[in-house]
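Each chain, written out:
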Amino acid sequence: MDEVQASAYLSQLIGKNLRIHTNDARMFIGQLRCTDKDRNIILSLTHEYRQPSEATIRQAIVESGNPTAQVPLASRFVGLVVVPGQYITKIEYEESIFSRDQFVP
Amino acid sequence: MDPKMDSGFLKPGETLDDNYDVSRALLPEEVVGIMDQLLCYEVAWHHGYPLSQTLFTSIYIDRLLWPPSDCLSDAQFYRGIRPMGLHPLLDVLRSYCIALIKCCDLTIEKVTSRDYYEEEDFSTHTYNRSLLHTVPHDKVLELLRSSIEWLSNSRNRRPSEVHRTSRELEEALINRLTFRERMLLAVAPEQEILDLAAVWPAVSAALPPLEATHSLGRPVPDSFSEKIQRRLASTVPPRPTVDFTFAAAYTKLVQLCKDCEDALRVLEITTESPQEHLSFIWMFSSRKPAPLAYARSCLSSVFLARTTEGFEQLIQTDLSEFVFPADPVLDPVNFTLEAAQSSFAPQDKRLAMATIINEFTGRAAPQYFDMWNSLCQNRCRTRRMICNNIPFIDDLQFATEQLDDELHDLTHTMRYPLSTWVYHMKLRMVEWVVQLGFEQEVYLPDELAGMYWWLSQVASLRASVIEQVYNHLSRRHEILSNGGEIEKAETIRTTQAFVKALMYEATGTGALADAMYALYMRLHYLQLVPILSRPYSESSLRYELRMKPFLRLNPPQIPTFEAFEEATRMPSGSQDDVFAKYDVEGSVKEAKEAWAALKRLGARAAKSEVVQAAWEKNLASTIQSCIACGIAASTISNIPKDAGTGRVKEMFQVEIPGEGKRYHDWWVVPKIKRN
Chain V
5 MDEVQASAYL
15 SQLIGKNLRI
25 HTNDARMFIG
35 QLRCTDKDRN
45 IILSLTHEYR
55 QPSEATIRQA
65 IVESGNPTAQ
75 VPLASRFVGL
85 VVVPGQYITK
95 IEYEESIFSR
105 DQFVP
Chain X
2 MDPKMDSGFL
12 KPGETLDDNY
22 DVSRALLPEE
32 VVGIMDQLLC
42 YEVAWHHGYP
52 LSQTLFTSIY
62 IDRLLWPPSD
72 CLSDAQFYRG
82 IRPMGLHPLL
92 DVLRSYCIAL
102 IKCCDLTIEK
112 VTSRDYYEEE
122 DFSTHTYNRS
132 LLHTVPHDKV
142 LELLRSSIEW
152 LSNSRNRRPS
162 EVHRTSRELE
172 EALINRLTFR
182 ERMLLAVAPE
192 QEILDLAAVW
202 PAVSAALPPL
212 EATHSLGRPV
222 PDSFSEKIQR
232 RLASTVPPRP
242 TVDFTFAAAY
252 TKLVQLCKDC
262 EDALRVLEIT
272 TESPQEHLSF
282 IWMFSSRKPA
292 PLAYARSCLS
302 SVFLARTTEG
312 FEQLIQTDLS
322 EFVFPADPVL
332 DPVNFTLEAA
342 QSSFAPQDKR
352 LAMATIINEF
362 TGRAAPQYFD
372 MWNSLCQNRC
382 RTRRMICNNI
392 PFIDDLQFAT
402 EQLDDELHDL
412 THTMRYPLST
422 WVYHMKLRMV
432 EWVVQLGFEQ
442 EVYLPDELAG
452 MYWWLSQVAS
462 LRASVIEQVY
472 NHLSRRHEIL
482 SNGGEIEKAE
492 TIRTTQAFVK
502 ALMYEATGTG
512 ALADAMYALY
522 MRLHYLQLVP
532 ILSRPYSESS
542 LRYELRMKPF
552 LRLNPPQIPT
562 FEAFEEATRM
572 PSGSQDDVFA
582 KYDVEGSVKE
592 AKEAWAALKR
602 LGARAAKSEV
612 VQAAWEKNLA
622 STIQSCIACG
632 IAASTISNIP
642 KDAGTGRVKE
652 MFQVEIPGEG
662 KRYHDWWVVP
672 KIKRN
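Line by line, the protein sequences give chains V and X.
For the first sequence, this note's numbering begins at 5 and goes up steadily by one.
For the second sequence, this note's numbering begins at 2 and goes up steadily by one.
Hints listed in this document are in silico derivations from the structure and should not be mistaken for laboratory results.
The reader is advised that the hints may include incorrect statements.
[Said to hold, decoys possible] Covered by chain V, per the in silico footprint, the following chain X stretches (three or more residues, Cβ under 8 Å):
1) 10 to 19
2) 228 to 242
[What the hints assert, rightly or not] Here chain X is said to cover these stretches of chain V; the calculated rule only asks that three of the stretch's residues, wherever they fall, bring their Cβ under 8 Å from a Cβ of chain X:
3) 8 to 19
4) 34 to 43
Beta carbons are placed, not taken as given, at the ideal position from N, Cα and C, and that holds for glycine.
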């Protein structure tokens, strides 16, 4: 991709919902505002999600008696955030605005 | 990742979960301990700390609020099915917590209903958690009452059933629930309260038992966690919890209840007199310690909650208390007349007068509201907002002069009555700005002389304006009493007394300011006032800065920089000449006379009856300032002629007292000690 193509590609993502995974097993879902050459990313209207801790999962299994019990992701609203590029492990783009709903507990 | 920048950052091995089990059985002393800790956090929140560092650190409160629940029955320490064998005391704690949350919700509602400054006065941020906003407060009251009832009934049961709860502890729990019930009743929206004046005394009465039984409680520090902040909707990393000791929180709570109670004493002012309200609000906002945002909003939500028409009416009353007592201009009949259908019919003079007054009140209402609103803010904001309002009042005065001319053609009242009223209000505001500047230590020690000089000019100007009004009233009183209109003459006499009180206040302020100016000039001559070296600043620019709020005004036009420089330049010449020129003693005598005369007139004449005690105290400390000023002058009066500057500096110690160390915050009388 040359520079023109690359910036066109990135520009079309502005304002779109992205899912950004970080290396501490957190995920941020928010609208892309801007980015730079170091892959630092600014998201707005962001929610932070994290895996439930082992203790919580174990407790849910004990309580329900079902080894495949579902435990929701722990989430909270954080608003406007910068995610430093060096910690990002994966970036996903949400195709549909409706797909977002299933992540919100 | 940077823990300082990232509120969700966890150290290796750290988890978000707390190991505290909220469904564990609690001892009654532990419940008391938790309730008292929550109370401390609530007080800290009232003092402006955010919920995240106070109440939201409680795991019990967190469980009630998150995940969010729509109805009261869902707000439990558990989610889903009620666990077996849940300890009944947990229900008591739940009632208390829910009522506490509802209190916070209603508090936020009240504070945000009027002007306030986020984080400066109060922190209303709830971090995306709804504080049971949709739950009606009477449902919460029911819950509290059922818990109180359960506790009272369990007293009569056999000991095994009450879980060995001693009678004392039961009482302590009931006391806390009762306090919470009354608090909830007090913070309820005004329209739902039958007797506003009675609610806060009831809360205050419920406080002493809390203090008496506090020692019975046992704190449960594990049930509070700073970690919860990581789960709130905030990008700020966890900050330390704000810990008030119970004793400190209790004193502050007592003060808060007292302030709220006194704020609602505004309802005792039965007359619609703006001057009564003015002195009430000034006395209230000058209280030490300064009333908290909630107490101030209690006052403003009663007083400021009127329509524009309400304020227009208030202006009319204000006019009738100053320039138009028993005057045909404000006759209520005037405002009931309708314009004649035919344009040939002669116009009714009364209707024309009413039109002019309506136009004036309509124009003045926004500025008038702003003045009241600024007085209901915190002290520093009051000064800043008045500074901002003064130019608008100036414009208003200019626009009013034309209305005055039209009015003069219709009636033989005084010249320029409406603009005189505006002018008087403006001069008063200028005085307030300067005096609040002294109170808030805006001016440096070597600037005090100049500012008192300016204050004395403004106050004398105001005194001369009031004198004109007084003379006008005297003339009308004479005409009316000669004409046998006793009732109207009597109304004018009351107004005269009030105008006289205003005059004494203005002359007293002017004379004392003059005395302070002279005293500081003598100290400058003796080189006893510390002067900062200002290598990069120019005195003309500093003068412009200090006078900034008044630069545009006309009248009163600020003195030119040359005149100011002339007045505040370090005096030269022989000591006798200088001391004779700056006559402290004469001005102090004049000031004392004026303030004493005001005291003789009394609070009733000065329209401060409801706050009589505070008014008298205020007056007494002003008179004390006069005396202190005289003493300071006499301390430095007998200096041997041959003493050089160096020796004089050795002979005396001059201290400029800070805020709170003065007799009166508005009068910075230096403390001079002879070594």
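Results of checking the hints against the structure:
1. 10 to 19: Satisfied; 5 residues make the cut.
2. 228 to 242: Per the Cβ count (5), the hint holds.
3. 8 to 19: violated (count 0)
4. 34 to 43: Violated - the region 34 to 43 of chain V has 0 residues with a Cβ nearer than 8 Å to chain X, which falls short of three.
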